[in-house]
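Participant: In the order they appear, the protein sequences are chains G and X. Taking the numbering used here, the leading residue of the first sequence gets 1, the next gets one more, and so forth. Taking the numbering used here, the leading residue of the second sequence gets 1, the next gets one more, and so forth.
FYI, nobody ran anything at the bench for these hints, they're computed from the structure. One thing to keep in mind: the hints can contain errors.
What the hints assert, rightly or not - Here are a few chain G residues that face chain X, going by a calculated C-beta distance under 7 angstroms:
id, residue
1, Ile-216
2, Tyr-233
3, Asp-237
As the list claims (entries may be wrong) - With a straight-line Cα cutoff of 20 angstroms, these simulated EDC-like cross-link-like pairs (lysine to aspartate or glutamate) come out:
id, chain 1, residue 1, chain 2, residue 2
4, G, Lys-203, G, Asp-78
5, X, Lys-63, X, Glu-241
6, G, Lys-57, G, Glu-68
7, X, Lys-146, X, Glu-176
8, X, Lys-70, G, Asp-33
9, X, Lys-146, X, Glu-157
10, G, Lys-8, G, Glu-94
11, X, Lys-63, X, Asp-239
12, X, Lys-56, X, Asp-239
13, G, Lys-97, G, Glu-167
14, G, Lys-200, G, Asp-187
15, X, Lys-219, G, Glu-36
16, X, Lys-219, G, Asp-153
17, X, Lys-219, G, Asp-37
18, G, Lys-58, G, Asp-259
19, X, Lys-219, G, Asp-78
20, G, Lys-58, G, Asp-153
21, X, Lys-146, X, Glu-93
22, X, Lys-219, G, Glu-215
23, X, Lys-56, X, Glu-176
24, G, Lys-256, G, Asp-78
25, G, Lys-57, G, Asp-259
26, G, Lys-203, G, Glu-36
27, X, Lys-219, G, Asp-75
28, X, Lys-219, G, Glu-210
29, X, Lys-219, G, Asp-237
30, X, Lys-219, X, Glu-207
To be verified - Now the in silico label distances, taken between C-beta atoms and shown as ranges:
id, chain 1, residue 1, chain 2, residue 2, range
31, X, Ser-215, G, Lys-203, 20 to 30 angstroms
32, X, Asp-32, G, Lys-203, 20 to 30 angstroms
33, X, Asp-239, G, Ser-217, 34 to 44 angstroms
34, G, Trp-241, X, Ser-128, 26 to 36 angstroms
35, G, His-209, X, Gln-232, 23 to 33 angstroms
36, G, Lys-97, X, Gln-189, 42 to 52 angstroms
37, G, Ser-76, X, Lys-63, 17 to 27 angstroms
38, X, Thr-37, G, Arg-40, 52 to 62 angstroms
39, G, Glu-252, X, Gln-39, 25 to 35 angstroms
Small disclaimer: the values here were computed from a predicted structure and weren't measured. Glycine residues also receive a C-beta, built at the ideal position from the N, C-alpha and C atoms.
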Amino acid sequence: MEGRDITKVVLLACGSFNPITNMHLRMFEIARDHLEDTGRYRVVRGIISPVGDGYKKKGLIEACHRVEMARLATDSSDWISVDSWESSQPEWVETAKVVRHHYGELVTAEQNNDDVDTVKYAKKRRIEDNTFEGSSHQINRDVPQLMLLCGADVLESFGIPNLWKQEDIVEIIGRYGLVCITRSGNDPHKFIHQSDMLWKYRKNIHVVHEWVTNEISATHVRRALRRGRSIRYLLPDPVVWYIQEHNLYSAESEQKNADVVLAPFQRYTGASSS
Amino acid sequence: MATRRIPLVLLACGSFNPITNQHMRLFELARDHMHSTGQYQVVGGIVSPVSDGYGKQGLALAKHRIAMAKLALQSSDWVTVDEWESQQPDWTETVVTMRHHYGRILKQYEQITGKDKDANGNILPLSSPSPQLKLLCGADFLDTFKIPGLWQEEHVEEVAGRFGLVCISRGGLQPERAVHESDTLSRHQQNIFLVREWVRNETSATEVRRALRRSLSVKYLIPDSVIEYIYQHNLYTEDSERKNKGTVLRPLTKQAGLPVKSLDD
Numbered sequence: 001m002e003g004r005d006i007t008k009v010v011l012l013a014c015g016s017f018n019p020i021t022n023m024h025l026r027m028f029e030i031a032r033d034h035l036e037d038t039g040r041y042r043v044v045r046g047i048i049s050p051v052g053d054g055y056k057k058k059g060l061i062e063a064c065h066r067v068e069m070a071r072l073a074t075d076s077s078d079w080i081s082v083d084s085w086e087s088s089q090p091e092w093v094e095t096a097k098v099v100r101h102h103y104g105e106l107v108t109a110e111q112n113n114d115d116v117d118t119v120k121y122a123k124k125r126r127i128e129d130n131t132f133e134g135s136s137h138q139i140n141r142d143v144p145q146l147m148l149l150c151g152a153d154v155l156e157s158f159g160i161p162n163l164w165k166q167e168d169i170v171e172i173i174g175r176y177g178l179v180c181i182t183r184s185g186n187d188p189h190k191f192i193h194q195s196d197m198l199w200k201y202r203k204n205i206h207v208v209h210e211w212v213t214n215e216i217s218a219t220h221v222r223r224a225l226r227r228g229r230s231i232r233y234l235l236p237d238p239v240v241w242y243i244q245e246h247n248l249y250s251a252e253s254e255q256k257n258a259d260v261v262l263a264p265f266q267r268y269t270g271a272s273s274s
Numbered sequence: 001m002a003t004r005r006i007p008l009v010l011l012a013c014g015s016f017n018p019i020t021n022q023h024m025r026l027f028e029l030a031r032d033h034m035h036s037t038g039q040y041q042v043v044g045g046i047v048s049p050v051s052d053g054y055g056k057q058g059l060a061l062a063k064h065r066i067a068m069a070k071l072a073l074q075s076s077d078w079v080t081v082d083e084w085e086s087q088q089p090d091w092t093e094t095v096v097t098m099r100h101h102y103g104r105i106l107k108q109y110e111q112i113t114g115k116d117k118d119a120n121g122n123i124l125p126l127s128s129p130s131p132q133l134k135l136l137c138g139a140d141f142l143d144t145f146k147i148p149g150l151w152q153e154e155h156v157e158e159v160a161g162r163f164g165l166v167c168i169s170r171g172g173l174q175p176e177r178a179v180h181e182s183d184t185l186s187r188h189q190q191n192i193f194l195v196r197e198w199v200r201n202e203t204s205a206t207e208v209r210r211a212l213r214r215s216l217s218v219k220y221l222i223p224d225s226v227i228e229y230i231y232q233h234n235l236y237t238e239d240s241e242r243k244n245k246g247t248v249l250r251p252l253t254k255q256a257g258l259p260v261k262s263l264d265d
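Extracted from the complex, chain G is given alone in its bound form (with noise of 0.2 angstroms):
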């Protein structure tokens, strides 16, 4: 039955991973069953892009750590994996640029594929190419498409004042897609109904409710660290004693960035770190 009615996905998650947890690579899991069981979705792969240092979050620490951490966490994932472009970047990138550097490497693999197959296909792709003239999606139907992975609360970022470009939200949301994955007490439905760009663009974001509310954050893992509290179960194993190893996150390390504006903020309104 699988045929061209079934769009290949990919799913990209931006954000801190600093470290990652559980929760994060549950996420991913929760978006590609929704996805699936739609029927009209295949996910075919994962992205994990961990921000740059760039972005001068409070307590961020340096992004080789939790590159390497997401490494690790989804070394046993057969379909989830991290990559580094975002993070080796001198400077905080807009996360329309980083959806956008990754479509244009999903497209550039799609025409290597095509150069490999070329003769052996040509002639069953010049057919398809036939029939499916007119389509819009005609030129890059074999790419799969591009959806921005997020937790509800990123949606509701997008009404925070100079965090986000709005030509950025719609070029995400319009062009490319959201998952949103939700839990109980938020109502992303009634924030997109209270936002008439999001209500435009509300096809392309689609809503996931995580049933087994899970709210393993990045924030208490590291406070639990402070604290010399267990961390176990609540990220993995190899994870667990990366931060031990390398002796990750302590009082000191909470404290970086702390008094510096956030790089969004800095670029959007012209403030600077004093």
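Dock chain X against chain G, hints included.
Facilitator: Chain X in isolation, oriented as in the chain G frame:
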């Protein structure tokens, strides 16, 4: 300093059908809390899955529940699985399981302290505290004390008074209220440790089984090794969930002195 602390073993009784990350998290939270009292040194944790005779709906065979718990705890250096309770032909009262383990722990302790005496030629100071065993339970557990016919009064007395409880609460005043509403529990309040869990995590074995029946992912809710085991043995299907359906829980029949209801009923 540390030697003056009371050595403490935590015992968790339950179905573990299947064991989840949240079960193991309870042990971590309890240990941290008991250490922070300054009075206890947690020296071990025991997971004791209930026997098949419990008669709970959807209860997988004990051998599977034991195997999964062992896989899950392979990486723990302080929590282990004990098969004694699960191997009893009939359901065992929690207090009986506690007595069994406490006897075992005391014997071990006497052997160790005895050896110390032989090696050093010294008698250990009298102040050296003997080990304790406490029951580790989740927030809803205290509420089971008031279900008619589930507990015998003298058993509640012994569990709370002689041994003690460490109860992980999910916020709200539910455990405090349960203690308040029971005269027995109130009397032993100083022996009931309520631990607040700040991260809401509603992972339950019931939710895990539900997700498995519906072919949804349970990754990161239970360890990978347990997921593999479940697939290998095809556990937790719609069929398995119907097991024991309509059966009265064994505690209710055993303690009421009623004839045991057949599982085929």
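Participant: For every hint, state whether the structure bears it out.
Facilitator: Hint by hint, here is what the structure shows:
no.: 1; hint: Ile-216; result: holds (6 angstroms)
no.: 2; hint: Tyr-233; result: holds (4 angstroms)
no.: 3; hint: Asp-237; result: holds (6 angstroms)
no.: 4; hint: Lys-203/G <-> Asp-78/G; result: violated (29 angstroms)
no.: 5; hint: Lys-63/X <-> Glu-241/X; result: holds (17 angstroms)
no.: 6; hint: Lys-57/G <-> Glu-68/G; result: holds (19 angstroms)
no.: 7; hint: Lys-146/X <-> Glu-176/X; result: holds (14 angstroms)
no.: 8; hint: Lys-70/X <-> Asp-33/G; result: violated (29 angstroms)
no.: 9; hint: Lys-146/X <-> Glu-157/X; result: holds (13 angstroms)
no.: 10; hint: Lys-8/G <-> Glu-94/G; result: violated (25 angstroms)
no.: 11; hint: Lys-63/X <-> Asp-239/X; result: holds (18 angstroms)
no.: 12; hint: Lys-56/X <-> Asp-239/X; result: holds (14 angstroms)
no.: 13; hint: Lys-97/G <-> Glu-167/G; result: holds (12 angstroms)
no.: 14; hint: Lys-200/G <-> Asp-187/G; result: holds (18 angstroms)
no.: 15; hint: Lys-219/X <-> Glu-36/G; result: holds (16 angstroms)
no.: 16; hint: Lys-219/X <-> Asp-153/G; result: violated (23 angstroms)
no.: 17; hint: Lys-219/X <-> Asp-37/G; result: holds (17 angstroms)
no.: 18; hint: Lys-58/G <-> Asp-259/G; result: holds (8 angstroms)
no.: 19; hint: Lys-219/X <-> Asp-78/G; result: holds (12 angstroms)
no.: 20; hint: Lys-58/G <-> Asp-153/G; result: holds (18 angstroms)
no.: 21; hint: Lys-146/X <-> Glu-93/X; result: holds (16 angstroms)
no.: 22; hint: Lys-219/X <-> Glu-215/G; result: holds (16 angstroms)
no.: 23; hint: Lys-56/X <-> Glu-176/X; result: violated (27 angstroms)
no.: 24; hint: Lys-256/G <-> Asp-78/G; result: violated (34 angstroms)
no.: 25; hint: Lys-57/G <-> Asp-259/G; result: holds (10 angstroms)
no.: 26; hint: Lys-203/G <-> Glu-36/G; result: holds (16 angstroms)
no.: 27; hint: Lys-219/X <-> Asp-75/G; result: holds (13 angstroms)
no.: 28; hint: Lys-219/X <-> Glu-210/G; result: holds (14 angstroms)
no.: 29; hint: Lys-219/X <-> Asp-237/G; result: holds (14 angstroms)
no.: 30; hint: Lys-219/X <-> Glu-207/X; result: holds (13 angstroms)
no.: 31; hint: Ser-215/X <-> Lys-203/G: 20 to 30 angstroms; result: holds (27 angstroms)
no.: 32; hint: Asp-32/X <-> Lys-203/G: 20 to 30 angstroms; result: violated (47 angstroms)
no.: 33; hint: Asp-239/X <-> Ser-217/G: 34 to 44 angstroms; result: holds (38 angstroms)
no.: 34; hint: Trp-241/G <-> Ser-128/X: 26 to 36 angstroms; result: holds (34 angstroms)
no.: 35; hint: His-209/G <-> Gln-232/X: 23 to 33 angstroms; result: holds (31 angstroms)
no.: 36; hint: Lys-97/G <-> Gln-189/X: 42 to 52 angstroms; result: violated (59 angstroms)
no.: 37; hint: Ser-76/G <-> Lys-63/X: 17 to 27 angstroms; result: holds (26 angstroms)
no.: 38; hint: Thr-37/X <-> Arg-40/G: 52 to 62 angstroms; result: holds (55 angstroms)
no.: 39; hint: Glu-252/G <-> Gln-39/X: 25 to 35 angstroms; result: holds (31 angstroms)
Hint compliance for this structure: hints 4, 8, 10, 16, 23, 24, 32, 36 are broken, all remaining hints hold.
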